[in-house]
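Number of protein chains: 2
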Amino acid sequence: MSALQILHRDPGSQARAGVLRTAHGAVRTPAFVPLATKATVKGLEPREVAALGYDMVLGNTFHLFLEPGADLVAHFNGLHDFMGWPHPVITDSGGFQVFSMGHGAVADEVKGRAPTGPDRMGRVLSIDEDGVRFRSYIDGSERFMGPETSMEVQAKLGADIALVFDECTPFHIGREYTARSTERTHRWLDRCLAFHEEHGPPGQLVYGIVQGGVYEDLRIASAQEIAARPVDGIAIGGSLGADKAQMYEIVGWALCALGDDDARPRHLLGIGDVDDLIRGVELGVDTFDCAMPTRLGRHGVAIVPDPANRWRVDLTAARHKQSHEPIMEGCPCPACSGGHSRGYLRYLLKNRELTGVRLLTLHNLAYLARLMVGLRAAIAGGTLAAHAAGLRGGAAP
Amino acid sequence: MSALQILHRDPGSQARAGVLRTAHGAVRTPAFVPLATKATVKGLEPREVAALGYDMVLGNTFHLFLEPGADLVAHFNGLHDFMGWPHPVITDSGGFQVFSMGHGAVADEVKGRAPTGPDRMGRVLSIDEDGVRFRSYIDGSERFMGPETSMEVQAKLGADIALVFDECTPFHIGREYTARSTERTHRWLDRCLAFHEEHGPPGQLVYGIVQGGVYEDLRIASAQEIAARPVDGIAIGGSLGADKAQMYEIVGWALCALGDDDARPRHLLGIGDVDDLIRGVELGVDTFDCAMPTRLGRHGVAIVPDPANRWRVDLTAARHKQSHEPIMEGCPCPACSGGHSRGYLRYLLKNRELTGVRLLTLHNLAYLARLMVGLRAAIAGGTLAAHAAGLRGGAAP
Chain C
51 MSALQILHRD PGSQARAGVL RTAHGAVRTP AFVPLATKAT VKGLEPREVA ALGYDMVLGN
111 TFHLFLEPGA DLVAHFNGLH DFMGWPHPVI TDSGGFQVFS MGHGAVADEV KGRAPTGPDR
171 MGRVLSIDED GVRFRSYIDG SERFMGPETS MEVQAKLGAD IALVFDECTP FHIGREYTAR
231 STERTHRWLD RCLAFHEEHG PPGQLVYGIV QGGVYEDLRI ASAQEIAARP VDGIAIGGSL
291 GADKAQMYEI VGWALCALGD DDARPRHLLG IGDVDDLIRG VELGVDTFDC AMPTRLGRHG
351 VAIVPDPANR WRVDLTAARH KQSHEPIMEG CPCPACSGGH SRGYLRYLLK NRELTGVRLL
411 TLHNLAYLAR LMVGLRAAIA GGTLAAHAAG LRGGAAP
Chain P
51 MSALQILHRD PGSQARAGVL RTAHGAVRTP AFVPLATKAT VKGLEPREVA ALGYDMVLGN
111 TFHLFLEPGA DLVAHFNGLH DFMGWPHPVI TDSGGFQVFS MGHGAVADEV KGRAPTGPDR
171 MGRVLSIDED GVRFRSYIDG SERFMGPETS MEVQAKLGAD IALVFDECTP FHIGREYTAR
231 STERTHRWLD RCLAFHEEHG PPGQLVYGIV QGGVYEDLRI ASAQEIAARP VDGIAIGGSL
291 GADKAQMYEI VGWALCALGD DDARPRHLLG IGDVDDLIRG VELGVDTFDC AMPTRLGRHG
351 VAIVPDPANR WRVDLTAARH KQSHEPIMEG CPCPACSGGH SRGYLRYLLK NRELTGVRLL
411 TLHNLAYLAR LMVGLRAAIA GGTLAAHAAG LRGGAAP
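Note that the protein sequences, when read in sequence, are chains C and P.
Take the first sequence: its letters are residues 51 to 447, numbered as in my numbering.
Take the second sequence: its letters are residues 51 to 447, numbered as in my numbering.
Chain C extracted, bound-state conformation (with noise of 0.2 Å):
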């Protein structure tokens, strides 16, 4: 029996709507996930996460893996305790981010960024069918991770959902890597799977990645493989292409090769702009995890209504000086609700003051909790098509 219980679907979309239910608890889909990379939403308590209206973070393994370590968050009986986040948690495979090392910040190629060079985060030493040997970038120690070290490492974290471990190939990377690569991730699949098997924390759920890059074929047969296997849920990962296009299509290619008739809960990897949420409901995905909305509010750009750009706002330009506007008139986050202007938001960022980031993180994480609870409400209600066009319109959420 699947862990998501469909409650509505959309007649015009993919899209549906429902409950996925973890061993802490329910969370309401779609849902935006949070990140809590190192144990905790950056600068956020969790009860102020839970009062926003999110019932899911996702923790980073490959970062708990290094610091503070596995054992140590077992030590405190998981990340739940350890973080005081009583809700569900799921946790990333430790993959995208050890592959980011290798292949010249993978990260950033995945996301269409410039890289920053191979040796921002630590150094892979070898990446051979057992995992993947890399030097620490806390300490420069040498570590092992693999298929059965990641799943470990998300047992002792206890983590809700865990991902198996992947290899995460950058854009660049031609089709014969690729569909060799993505090989290796259906084999490491079966490893994970069997060590979950013997090992798994009682309730774990543990979800399968689909691999292929951006080649129509090798996502066709990955997500179909993945779908053939026991796994509770399916994530998409990878490259998802040069532009948004190329990423809704090749989602697109993944959720189609799945069916309607698959109903395990569906989770993209890595996707939170405003209008990939919206598009990526409408393709059929239950949950999104993301740094952007964390990591945009620690750099100073808000999430606003304006399609025409890109749904930000750079509060820290001088054109906001003396601006007594609000971030976004009537959103009840405390930023704007708090009465604070954009000129004083502006003066606290640009002097890099710790209130300054947390106004705007729980402005960006208000403002996605209002844009997922009003998709679930449009594809119960029936409206999701009105809705969508309305947000894409710049409506607010």
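One or more of the hints may lead you astray.
Since the list gives no way to pick one copy over another, a pair counts as held whenever it fits inside one copy or between any two copies.
[Said to hold, decoys possible] Okay, derived cross-link-like pairs now, BS3-like style, lysine-lysine, Cα gap no bigger than 27 Å in a straight line: (1) Lys88 with Lys400; (2) Lys400 with Lys92; (3) Lys371 with Lys400; (4) Lys371 with Lys92; (5) Lys400 with Lys294; (6) Lys371 with Lys88; (7) Lys371 with Lys294.
If you are wondering where the hints come from, they were derived from the structure by calculation, not from laboratory data.
Since chain C is already given, all that's left is putting chain P on it; use the hints.
Coordinates of chain P only, in the frame set by chain C:
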């Protein structure tokens, strides 16, 4: 008529409890005043500061003068509106910071710390009867601050309580220089009062500052000089000696010279250790400000009822790594009531996570807020001696 209404006097000491009325509301005294140095209590929203029980914050004239500048704050109708804090605001004169640049880091000297070098915060170019010319630590531009500048800036900031511009002498300066400097401070006081009479915003209170260094006769003479002027309150500044015993002696000289009949509010500048607050209250101080609780929090040090360790615990210490204990049992602050263990907080602090800094800031401010509530209640109830003895013995506030 004094802005301070004294409601209770402790029979066994000089302590008094009452209400200090300002243009933006009342301050229950004795009170600790958290620093909103650069128009924000670092990491907190104004409503959180109010919720902790604080009635007033202190803004730093020197920092705000340089960035964002008094005119920008005035554009936003003053500090209250700019930072979204509708309650009382006291601003310092800028004297302490400006002279900190000139005397080989007087800030460190006054506090008995090792000097960190005269260039830490820009550089003094000249000091004369007019005021101080210095280089901005922000952009290296040449700036000037004198008595009139300070009062003009504080007028634009819209402070409820302005402090007059004083020369702040360090500990190592001799009697001769201290005497001349104190006389200059008195001449500057007259210029400040003259400027304020002409240009001060309606309802703004002005406090004089007692100087005189570590010399009894100079302190007493200074206190009498200040008290003879039409000031609304009296602050005690400058070097308070090499240790706590000498500090209490010096504060006692000044307050004794004022006498019990002087009902004007008394502010002790830059003092906020738990034992100093207790003793200061007994000596008859009404308000205190200090960077300590917030600064300690940012460095991972929490305030706890542990007199043997200066009421401090360093949560970054390795011994807390596996600790399930809260910072302080029974503490109602967000860090302790939120169930966060010392082990988790240590991890956050070691990894410089904003959430850790914020939780410790909240804890430390919550501790001092409760300390002052307890002291006020004890004065009102006539039990200060027993209450203070309990606190000194390690009772929770």
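Do the hints match the structure? See the list:
1. Lys88 with Lys400: both (25 Å within a copy, 12 Å between copies)
2. Lys400 with Lys92: This pair counts as both: shortest intra-copy Cα distance 19 Å, inter-copy 14 Å.
3. Lys371 with Lys400: The answer is within: 10 Å in one copy meets 27 Å, while 35 Å across copies does not.
4. Lys371 with Lys92: So Lys371 and Lys92 pass the 27 Å test inside a copy (26 Å) and across (20 Å) alike.
5. Lys400 with Lys294: neither (31 Å within a copy, 38 Å between copies)
6. Lys371 with Lys88: between (34 Å within a copy, 16 Å between copies)
7. Lys371 with Lys294: Neither: 33 Å inside a copy, 44 Å across copies.
Against the hints set out earlier in the document, violations occur for numbers 5, 7.
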